[in-house]
Amino acid sequence: MKFAILVNEGPFNHQAVDTAYQFARAALARGHEVLRVFFYYDGVHNAHRHSAPQADERNIVARWSKLAEEHGVDLAVCVAAGLRRGVTEAVIAPGFRITGLGQLIEAGIDADRTMVFGD
Amino acid sequence: MKFAILVNEGPFNHQAVDTAYQFARAALARGHEVLRVFFYYDGVHNAHRHSAPQADERNIVARWSKLAEEHGVDLAVCVAAGLRRGVTEAVIAPGFRITGLGQLIEAGIDADRTMVFGD
Amino acid sequence: MLHTVNKSPFERNTLEACLKRAVPGAAILLIEDAVYAALAGTTLADAMTSAAQRFEVSVLGPDLAARGLENAALVEGVTVVDYGGFVDLAAAKGSVQAWL
Amino acid sequence: MLHTVNKSPFERNTLEACLKRAVPGAAILLIEDAVYAALAGTTLADAMTSAAQRFEVSVLGPDLAARGLENAALVEGVTVVDYGGFVDLAAAKGSVQAWL
Amino acid sequence: MNEQDTDGTVTKRFMIVNRKAPHGTVYALEVLEMVLISAMFDQDVHVAFLDDGVWQLRRGQMPGALEMKDFSKTYRALEGYGVEKIYVEGESLAERGLSEQDLVIPVEVIARADMARLMDGMDVVLTA
Amino acid sequence: MNEQDTDGTVTKRFMIVNRKAPHGTVYALEVLEMVLISAMFDQDVHVAFLDDGVWQLRRGQMPGALEMKDFSKTYRALEGYGVEKIYVEGESLAERGLSEQDLVIPVEVIARADMARLMDGMDVVLTA
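Residue numbers (this note's numbering), protein chains in the order written: chain A, 23 to 141; chain B, 23 to 141; chain C, 1496 to 1595; chain D, 1496 to 1595; chain E, 225 to 352; chain F, 225 to 352.
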């Protein structure tokens, strides 16, 4: 089965981001496909490559990048939401790409299930 | 009277940031002093110099910078909260500085009133 | 003490939490989405009318205007202030607690 | 349909909002801070027990464990699932609505 | 649930759910951008307003008082974009002392039970 | 409200208010960093737990299940930092089916009315 995932919030402040990640991992482990994770609203902050949590904390940004690297998951960051919040090509981490909001709707069309995680 | 202001949330997503700014402006207009605006939690995102909202939208980051320039308001960004979220010296806008959480407590001691704006 | 509340009472418990702990006569300012609490004619208006008798309740005018409520009827006993009035309240009331 | 709720019912109205609109027999999964709704012995437990008779209610185990509730008593009729179970529910129930 | 058109393309039932008040958070504004985009994909798009989301449609909003953009005008443009299935829950209006006359656009007011059934038939539900 | 010490330094009554559950948001964790820092300033620091904030003190938390840090141990270190005025509202515990035995540290459980009076006497109230 194909999943699309929408992430509405930024990392650390809201567990929504963690749940989205754990859901994606579990879906892949079940043999499903994760077509795209789309980052909207404050969700765009998930892409900051300057994020440097303490050594004993989970590294949320790096974890997403690894998911993209290992499973080819498409990490799509909304360009308009990103521009407002200073998340541009200049600061995004590996595996993320900046794109239009239409890619969220496309993912909703192509996927069997669309999951939303937010505040 | 001396005011200290704590901002808990990022720009655009939460009006808390707007209210903090309007409060600071109004306090200055009343002849009060704004000792420091301290940015903690997701509040650190207020400092992103890459933030580029649409032309017909308020520019929250630039507005803070202008407040610092015109009135000498100290815009202090928590280093630990910033590191987690990718807000480091590399990306901060004019007028902001990265500093320790102790500066929030100091502001609370030095100010006559401490205001908190958040979600 | 001045208490500030910024969330809609239809969505969150912060106004209720504040009303349970504010001491009689305390000042409460409704800002941002909490301004909906000040409206007459809602299912929450009676509770607010009663609160306005125990506390000095005010509401931020620019937040009402932004939401299309500039001329809306408010519950009895609630005063409208602007940002300058917010500053005056904070200065007058000794200390401030934001219910988040 | 699978409904997900992620906020504490003591703080927000999302669980209530979901319960008002879910059709009888729908699946509801409590995640993140919403897991507190599944606990026995709280002032909200009766409402949840009643909801568990009308809906297929489950709760996310890792979120219970994180909060020190791994061995806490839950209201009758609530099932515990892990992330894999969450995925299975989403796959099985046709479509998903997150109450945010 | 989704229909296969005669030319083989898929049409899905999308619903964009608005449950939050405007201006206090950005969701109402950015959701509206989502609604406009969704209209470009030839899908069966539904927009629902319930709980505090009904405040988004309140007449007379002047967010200029907060130096914010007045996007409530955009709701009037939705029909022109082909977004015609706009539903407002009657109970949510009544609880807030609102009636249809208080809203910026004519909408279909439906009962809570009908909103529940409508939601249950969707393929993709986007909330904020 | 604030006291002037004999050496001319000011001691203020600070209260750090915890009303939010842990893990669902970061507030509980980052507030704790604020509490630790505040202890370094020779002020009269109070930490209050009420509403969902009381869940922060629940025994047996295993946030490792979410790949998150277990900061609930830090509450036990507070006394060593000189933070001794920790108050938990009894009504908040009772509503949630909790008692003092369920908490990671011994605390002073006070009634809602006393919490109200305590808050009213503060100079600086930091909430999240």
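Possibly wrong hints are sitting among the right ones.
Claimed, not checked - Computed list of lysine to aspartate or glutamate pairs in DMTMM-like fashion (alpha-carbon distance at most 20 Å, straight line):
#1 K1515(C) / D1541(C)
#2 K297(F) / E79(A)
#3 K24(A) / E91(A)
#4 K309(F) / E332(F)
#5 K293(E) / E1571(C)
#6 K293(F) / E79(A)
If you are wondering where the hints come from, they were derived from the structure by calculation, not from laboratory data.
Okay, the hints, checked on the actual structure:
1. Between K1515(C) and D1541(C) the CA atoms are separated by roughly 16 Å; this keeps the pair inside 20 Å, and the hint holds.
2. Distance hint between K297(F) and E79(A) is fulfilled; the C-alpha atoms sit about 15 Å from each other, no more than 20 Å.
3. For the proposed pair K24(A) and E91(A), the alpha carbon gap of about 18 Å is at most 20 Å, so the pair holds.
4. Distance hint between K309(F) and E332(F) is fulfilled; the C-alpha atoms sit about 8 Å from each other, no more than 20 Å.
5. With a C-alpha separation of about 31 Å, the suggested pairing of K293(E) with E1571(C) is violated against the 20 Å cut-off.
6. Taking the CA atoms of K293(F) and E79(A), the gap is near 6 Å; set against the 20 Å cutoff, the hint holds.
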